[in-house]
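S.K.: Under this note's numbering, the first residue of the sequence shown carries the number 1, and numbering increases by one thereafter.
Check the hints yourself; a few may be wrong.
[Claimed, not checked] 20 Å max Cα-Cα, derived EDC-like pairs, lysine to aspartate or glutamate: (1) Lys283 x Glu347; (2) Lys283 x Glu368; (3) Lys291 x Glu369.
[To be verified] Label pairs and their computed distance ranges (CB to CB): (4) Leu249 x Gly214: 20 to 26 Å; (5) Ser146 x Asn58: 25 to 31 Å; (6) Val251 x Glu178: 40 to 46 Å.
If you are wondering where the hints come from, they were derived from the structure by calculation, not from laboratory data.
Positions of the beta carbon are idealized from the N, C-alpha and C atoms, including for glycine.
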Amino acid sequence: MTEIEDLLREDLRGQSPYGAPQLDVPVQLNTNENAYAIPDDVAEVIEGYLARQTRGLNRYPDRDAVALRQDLAAYLAAHGGPGLTADHVWAANGSNEILQQLLQAFGGPGRTVLGFMPSYSMHPLLARGTGTAFVDAGREADYTLSAHYVREAIGAHDPDLVFLVSPNNPTGTALAAEVIEAAYEAARGIVVVDEAYAEFARDPGSTALHRLAGRPRLVVTRTMSKAFAFAGARVGYLAADPELVEKLLLVRLPYHLSSLTQAAARGALACAPRLQSEVDQLKHQRDRIVKHLRAKGLPVADSDANFVLVGGLADAAAVWRAMLDEGVLIRDVGLPGRLRVTAGTEEETTALLGAFETVMAARPDLFEESE
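Taking the hints into account, I'd like the entire structure generated from these sequences.
M.R.: Here is the structure:
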């Protein structure tokens, strides 16, 4: 153990930071980014918002991001969250900081957060970073969650926070309404529904936004990284009861969102209908992947996200490597017999499906026999 390691918090010793392999290959479909760059017309709008801020950068930004929160509330009110105002919304540097702030405020040493893995891999890392004990209740055999399963897990562990993900990463499946309601009824603490991929859901009404009224402990987290093609800007947000939002100000850093970040996000929100058209294109490519691979005999679950979990692999690691040799980078999420692929542009999806066909033809031993 080095001198620095010896000084590190004991619970962080020997741990590795979060990361995904970033390799220079023609088709990169491993990190669930939006495959489309910001369109020129949208970029011009964003640049206009930014230009109006640049000469005032000698001043600190609005630390409460009121104008951005107003725009986010208007967007949510039009997409499943009627009645939401700026007081119901909070924004931060990506949904990861939103989740971190929730753990800082309602978790911490001596408290627990309950998750259902496999799910978003940052949840246990964020818990560890805030000194919150992470309890993994697992999932049912098919990686789904039922109301009964969630209710039993909460009753067994009595957590201070519950993390639900809908659509779930890496499975791509959305939660039924009764699962969220069961979790809220069973829990005594904060129930967080992580909806990073909500705009890609086949049923827009599946969002938990319209369940916020009368549930002061329910939180819905979102991101602009996916549907808004805004991963590089780092903007996440939540919707919740105004009192809960107010408590988060106790742990947020002063001026945590720069003036430029706030301005860029407002410009993107002003172009939400334009960006939705590209979301629709990605949904089409996602469904194309599902249909094509099923026709090839691979079990693929219906997805409500911008990615697909592909099963039927006798050796997932070897398939990952073979796909990489074909110039296509996808994600090994550590699930036996499964790999995750992000929906790309039409050209990227064609390359992905072609690579699968090539690998299946050349190495049938890497795939399980279909029934």
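S.K.: Now look at each hint and say whether the structure bears it out.
M.R.: Evaluated hints:
Restraint check: the Cα-Cα separation between Lys283 and Glu347 comes to about 14 Å, which is no more than 20 Å; the hinted pair holds. About 27 Å separates the Cα atoms of Lys283 and Glu368, which puts this hinted pair outside 20 Å; it is violated. With a C-alpha separation of about 18 Å, the suggested pair Lys291 and Glu369 falls inside the 20 Å cut-off, and the hint holds. Range check, Leu249 to Gly214: Cβ separation about 23 Å, and the 20 to 26 Å hint holds.
As the Cβ distance of Ser146 to Asn58 is approximately 55 Å, the hint placing it in 25 to 31 Å is violated. Distance hint check for Val251 and Glu178: the Cβ-Cβ separation is about 32 Å, which falls outside the suggested range of 40 to 46 Å.
Against the hints set out earlier in the document, violations occur for numbers 2, 5, 6.
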